[in-house]
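Please build the complete structure, drawing on both the sequences and the hints.
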Amino acid sequence: MTTEAADSTEAVGAVAPAADPGFLQRYGGTIEYVLIPGAALVGALAVFGIFVAMFGKNPLDLYFYMYYGAFGTWFSWQNTLTRAAPLILTALCTALPAQLGMVIIGGEGALLIGALSATSAALALQGMPPFIIQTAMVCAGVIGGGLWIMLSGGLRQYRGVNETISSLLLVYIGLAILNHLVEGAMRDPASLNKPSTREIGAANMIGSIPGTDVHWGLVFGLIAAIASYILIYHTVFGFAARVAGGNIRAAKIVGLGVSKLILTVCFLAGGAAGLAGMVEVAAVQGRTNANLAAGYGFTGILVAFLARQNPLAIIPVAILLGGISASGGLLQRRLGLPDASVQVLQGIIFVFVLASDALYGRIGFLKGKS
Amino acid sequence: MADGSIGLWTVPLAVLGGAIRVSTPFLFVSLGECITERSGRINLGLEGTLVMGAMSAYGISYLSGSPWLGVLAAGITGALLGALHAGICSLPRVNDVAVGIALMLFGTGLAFYLGKPLIEPTAPRLPAIDFGWWSDIPQVRAALRINVLFLIGVALAPILYWAFRTTRWGLLIRTAGESSDAARAMGHSVLLIRLRATMVGGFLAGIGGSFLSLFYPGSWNEGLSSGQGITAVALVIFARWDPLLCLWASLAFGGAAALGPALQSVGVTSGYHLFNAAPYILTLAIMIITCSPKRTLTGAPAELSITR
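Here the protein sequences come in this chain order: V and P.
Note that this note's numbering has the first sequence beginning at 1, numbered continuously upward.
Note that this note's numbering has the second sequence beginning at 1001, numbered continuously upward.
Because the hints were derived from the structure by calculation, they are not lab data.
We put the beta carbon where it would ideally sit given N, CA and C, even for glycine.
Do not take every clue at face value.
[To be verified] Computed spacing ranges between beta-carbons, pair by pair:
(1) 184/V with 1120/P: 27 to 37 Å
(2) 1063/P with 246/V: 50 to 60 Å
(3) 1064/P with 53/V: 25 to 35 Å
(4) 233/V with 1171/P: 16 to 26 Å
(5) 184/V with 1290/P: 28 to 38 Å
(6) 1218/P with 129/V: 51 to 61 Å
This is the structure in structure tokens:
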């Protein structure tokens, strides 16, 4: 369970100093990166418990059903992992530009445009072998989403437009384009109540990982996260990006092509979110409609911040947050909580995580002083 | 029929009416954000504040029977959210942009949670003043049915302009925004000034939200605000942190937002969603035209993180 996981990390922090002060000197920083967000999570869960208690619900029931709905059974694990897949990808959309010191919050827009591009590619290539259609969908999704966020990056670099605001405005513009096409040029005349595009065809869906109901999108997410980690921490390109993110003037003085860095990173970031859109179409929905705007892009921002913008840490955090959203249905049915309760909890977690930024470097025993 | 005789004039009339009606939330949020940003901090959470304001105004109006109590409740809710934002930002090394994003998600989530039982009932609305009594044309009368909140907002813009220039409080806010060191040297707490500026900003944004639920569109539902709050934040940058320019910009945005429904009313339905996105496209276009990578924007408070 979420609280247990956090408790055990606290236990590690509490036991270690007595054992070996040298250990803390080396790993104190790393422990801090686990301990502080963990404590923030526990604090947020406690506040959310008090919040639902004010509405006459038992907080212990809440924690039990959250655990049960997220990680209690094989069925809920599969539900959790299915939701974690797009979250890993949309979180990368915030985490990659963050290496350059940019705050991009438009993952939802890139997801929608990626889904639309992937669907268009699939519909244009109908009749081709599924493998070709699926490859084309991946390419179209990545390119569509990538160009969408690259627009924000380019505007920042060449016109000085703030990327946080422009990427968020692009979410609303992307949603308008999706609705416009889905209700107009791309509409399937058979979709009466819920305007949608035509289906991409059952044969062209990417299907599930054998033995599970979890679709292949999870593997896409894992590969993208690991590749991002290698790119940022183990390549010259990633090093240059981190230099530019740390000090833009220093980067210019040593002759780094900052414009190229920004555009490439934004393209990769948007490409990840666009891939999330492709996965949602090719593994879940089978077509494009307004259902795709389910908020994965916005939860992805929270995942990225909770993971402290580290691509590898995004994986467990996305599973955790996927679990919270997977338990939402159970909370509605068993406790009668509104469907927005997951959103409230996410908001509280976000606030706690940001406030906990003040704690880094301030916890005495973690500094390794003997 | 009167509407037959005025034909296509319906569109500019509806845009004019829209500029007056739709602009009010833009106006309040942008004036509030203007105060906050002048003090050197940006609050992106006003989108959440707007929705929370709309929900609490509708709830209190329904429970008490008085829409004006609802407006007050919306303002207080907004001020509390502002205090939360400022409180977290006062901690060391906390990024105000990120806190704003968090409060945007938190505010909308909380409003949907608490507002669930309010979707069904009908609450008393705010009254409107009929400025179109002289006309026989129903569209003109509809366009000139003006809410008192709009008039308050219009009056507030020059008052704020004056207050920034001449009052002690205006000077303090500007000092905190231009140089926190200078404010500290004068013996003032920058954090306290920013706390108050963010609370006043939240108060105004909350009132902007109450207009959404209590006048136009005049009901509470989860699709009430789709980005008006964030558009208004961008609008402050476009208005160069000048309250008077905020007023004109809000009117322009209200008109742009009314374009989609206006065209639909005369039968132009294709591109409805694209016309609805007009305010966002307009915001982006204006930011592209007015921003520049080579210089900081004129009028930008030097301490503001978002202008760099």
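To see whether the hints hold, each was checked on the structure:
1. 184/V with 1120/P: 27 to 37 Å: With a Cβ separation near 33 Å, residue 184/V and residue 1120/P satisfy 27 to 37 Å, so the hint holds.
2. 1063/P with 246/V: 50 to 60 Å: holds (53 Å)
3. 1064/P with 53/V: 25 to 35 Å: holds (26 Å)
4. 233/V with 1171/P: 16 to 26 Å: violated (48 Å)
5. 184/V with 1290/P: 28 to 38 Å: About 32 Å separates the Cβ atoms of residue 184/V and residue 1290/P, which means 28 to 38 Å holds.
6. 1218/P with 129/V: 51 to 61 Å: holds (55 Å)
In this structure, only the earlier hint numbered 4 is contradicted, and the remaining ones agree with it.
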